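Each protein sequence line maps, in turn, to chains A and B.
Okay, so the first sequence: first residue is 1 according to full-length UniProt numbering, each after it adds one.
Okay, so the second sequence: first residue is 1 according to full-length UniProt numbering, each after it adds one.
If you are wondering where the hints come from, they were derived from the structure by calculation, not from laboratory data.
All figures in this text were calculated on a predicted structure; none of them were measured in a lab.
Take the hints with a grain of salt, since some may be wrong.
Claimed, not checked - Under the rule of at most 35 Å between Cα atoms (straight-line distance), these lysine-lysine pairs were calculated in the DSBU-like manner:
1. B:Lys62 / A:Lys198
2. B:Lys62 / A:Lys212
3. B:Lys46 / B:Lys355
4. A:Lys212 / B:Lys355
5. A:Lys272 / A:Lys212
6. B:Lys62 / B:Lys252
7. B:Lys355 / B:Lys339
8. A:Lys198 / B:Lys339
9. B:Lys252 / B:Lys347
10. A:Lys198 / A:Lys212
11. B:Lys4 / B:Lys62
12. A:Lys272 / A:Lys198
As the list claims (entries may be wrong) - Among chain A residues calculated to face chain B with C-beta under 10 Å, some are:
13. Ala84
14. Ser88
15. Tyr379
Note that CB positions come from ideal geometry on N, CA and C, so glycine has one too.
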Amino acid sequence: MTLHLAVALDGAGWHPAAWRETSADVFSARHWAALVTEAERGLLDFVTIEDALGPQSTLPDGLDERTDQVRGRFDAVLLAARLAPLTSRIGLVPTATTTHTEPFHVAVGIATLDHVSGGRAGWRAQISARASEARHFGRRRFPPLDPGARDLAADPHVRDLFAEAADAVEVARRLWDSWEDDAEIRDVATGRFIDRDKLHYADFAGRFFSVKGPSITPRPPQGQPVVTALAHARLPYEFAAGSADVVYVTPHSDEQARAVVEEVRALSGEIKIFADLVVFLGEDAARRKARLDELDGAELASDAAIFTGTVRELADVLLEWRRAGVQGFRLRPGVLPYDLERITRGLTAELRGHGVFRRAYEATTLRGLLGLPRPASRYAEVS
Amino acid sequence: MTRKRVHLAAHFPGVNNTTVWTDPRSGSQIDFASFVHLARTAERGKLDFLFLAEGLRLRELKGRVHDLDVVGRPESLTVLSALAAVTDRLGLAGTVNTTYNEPYELARRLSTLDHLSDGRAAWNVVTTSDAFTGENFRRGGYLDRADRYERAAEFVRLSRELWDSWRPDAVAADRETGTFVRPGAIGDVGHRGAHFSVEGRFTLPRSPQGHPVVIQAGDSDEGREFAAAHADVIFTPHGRLEDGRRFYADVKRRLARYGREPHQLKIMPGVTFALGDTDEEAAENAAAIRRQQVGPRTAIAFLEQVWGRDMSAYDPEGPLPDIEPDPAEGVSQGRVPIKDRAAVAAKWRALAGEKGLSIRELVIEVTGRQTFVGTPGSVARQIDEHVQADAADGFILVPHLTPGGLDEFVDRVVPLLRERGVFRADYTGATLRDHLELT
């Protein structure tokens, strides 16, 4: 069985000083086009695109006033759409926040991404707990995030945000199904464009919002675009298990990988488990990372494990974690495009040597690449 | 005196009966290929921009989804961003509601589109808001007309504040000194108004156009005032010559109050067209298109919107019924409401009586908009004349077929406008502001 491989794209790479070692212009379409076409040449399953409703910061909440790191990002859904016509097989998984956005708009935006990409859309659903981002909307007042808090589940504010995220995904899934596949009939004889018995109200009413439906957009090519979530603890595991098709977890060793897989698997037998790793690749990887750390004035810190080494060594780690039950990996390149090219031109060949990575794309949709069937609409009557 | 230059845009065929789907040439309203076809045709003709409409709830008649017209469309800005990848110069205009969006998020999406298209983004600001549409949104509810425009004006002002908040030279990306953003170059935004409270910093550098082009499509007094104060382009239904001249004069006159020059607001009525090799053939084509647009059931559906009751028992090819409109709540949801239905019914009845029209003929007569009908030469002349007579600065062309409805216009009419010296032979600038001469 093939091992799934994705890359997470953000700015000039995941090291905050990465921009100093690359000619990348993170605010040009050309930069992103080059990255995603490279990822597709490497036959990767998908790329994710980071996003947030506020500037980047080294602080958990609020501005850090640093001028030596990349600040600013494009809206990830629009960026993914901009890249869709330039590619034909690779999945496109933008981040969209569930907290301050309208679930209806997000659902229709992702459905549209699926239409313009011919069935390659995903969505990384993310909460925004930051008080600084809430002030960009002025609708809700959030307590400042406590960076010392270890137990997310104990914080009722955070619990609510995950409950709201689960509702947002539920609304999206209902809206995507709200047009049955054969709703459009174009029946000239009766003058009817659609069979309105095949359009359905979503009729969602929850604690945070209600959405009537149906969607304004016909059912996306995949039926259900792929929903993904990053999760580090029990509460987000529960959100992912209940709402997502793919979860990104962050073990730091194969023992931890085994434990996380066991915990997530107990919550869902279906979900695809991907592990995140920040990667600096090549013979001189450790030296490159050290140089960047020095430029940044601090050793790189990350929620995910940080790997430095050759692609051969990385392949060994991935195979080890795979034996622990991890089905795929979302690699976060330390520097773009350098570490991405080591993945697409080196790591994939290495994995192919072990017989665990594709030699050609075997499907035209993201669900197809992930081995997920195309589901019938929940509203379709079984005949 | 030099002749005014004509501005032209292409409207992607929408979800009302202007779009004919019963024609065998009618293609998908949702496949990306349809959008690519129309956008590339418009760009081949060197048109100013492509225009996408919006509707946030499917229209209903008598409590059920209206099934006679095209139904279903994508999210505007997402499709436009994808189109930015397959076009180079064409402006990309999306309609986005101010009632069901928040300024920080939408300003960011519009700035993203402007960056990703190298300066071709436009935003058609609409305020359509009723409880029916609100059922799809957190905000829900209804805003009265005055509040809607107040909210829209505050929304646009705040968006521009966000777009301006990074100094043009904010991104240094100086690898030698390690300065990515210049110190102090990203301004704080602190806004407290009647509708919005936004405090913090924007997440994008100033975009290529600085401000994406703002389009306004309302027609009320408040709408016109809003346009005079805030808009770069008006999309109006006033396409007929005399009506257009009155509208044009009225709106341009309002500009001075805001310290603006007449050329800073372009007036572009939405119009349809029908071509033929002779004027007679064009007239026949125009009539045939109207009959396709107003089929028997569509004629009855229009009647029901005015009468506010079920009229399905009446023969669309027969005379208007004697009954009066139901004064109670209407049967139509998700469209601009008809204000005085009894008066409209009386007017329709008088017209039908005077001209001896059937229900369907009447609806064909009263629901048409300005249509340029004729040979390509005649249509080019009519367009030019409307613009030189100050009835418009140009037109938003609404083809009746998806996606090929603009092909013949671009192939046959545009070259003649060019021969008349009133339309560009090629783009001379890179941004939509350049095309619209909004500098």
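How the hints compare with the structure:
Pair hint B:Lys62 plus A:Lys198 holds up; C-alpha atoms about 17 Å apart against a cutoff of 35 Å. A distance of roughly 17 Å separates the Cα atoms of B:Lys62 and A:Lys212; the hinted pair therefore holds under the 35 Å criterion. Between the alpha carbons of B:Lys46 and B:Lys355 the distance comes to roughly 42 Å, so the proposed pair goes past 35 Å and is violated. Straight-line distance between C-alpha atoms of A:Lys212 and B:Lys355 comes to about 44 Å, which puts the hinted pair past the 35 Å bound.
Pair hint A:Lys272 plus A:Lys212 holds up; C-alpha atoms about 31 Å apart against a cutoff of 35 Å. A threshold of 35 Å between alpha carbons decides the hint, and for B:Lys62 with B:Lys252 the separation of about 41 Å lies outside it, so the pair is violated. The straight-line distance between the Cα atoms of B:Lys355 and B:Lys339 is roughly 25 Å, inside the 35 Å bound, and the hint therefore holds. With a C-alpha separation of about 32 Å, the suggested pairing of A:Lys198 with B:Lys339 holds against the 35 Å cut-off.
Between the alpha carbons of B:Lys252 and B:Lys347 the distance comes to roughly 31 Å, so the proposed pair stays at or under 35 Å and holds. About 16 Å separates the Cα atoms of A:Lys198 and A:Lys212, which keeps this hinted pair within 35 Å; it holds. Among the hinted pairs, B:Lys4 with B:Lys62 is inconsistent with the structure: their alpha-carbon atoms are about 47 Å apart, more than 35 Å. Straight-line distance between C-alpha atoms of A:Lys272 and A:Lys198 comes to about 31 Å, which keeps the hinted pair within the 35 Å bound.
Because the beta carbon of A:Ala84 sits about 5 Å from the nearest beta carbon in chain B, less than 10 Å, this interface hint is met. For A:Ser88, the interface hint is violated, since its Cβ never comes within 10 Å of a Cβ in chain B; the closest pair sits about 12 Å apart. A distance limit of 10 Å between C-beta atoms decides the matter here; for A:Tyr379 the minimum to chain B is near 14 Å, and the interface restraint is violated.
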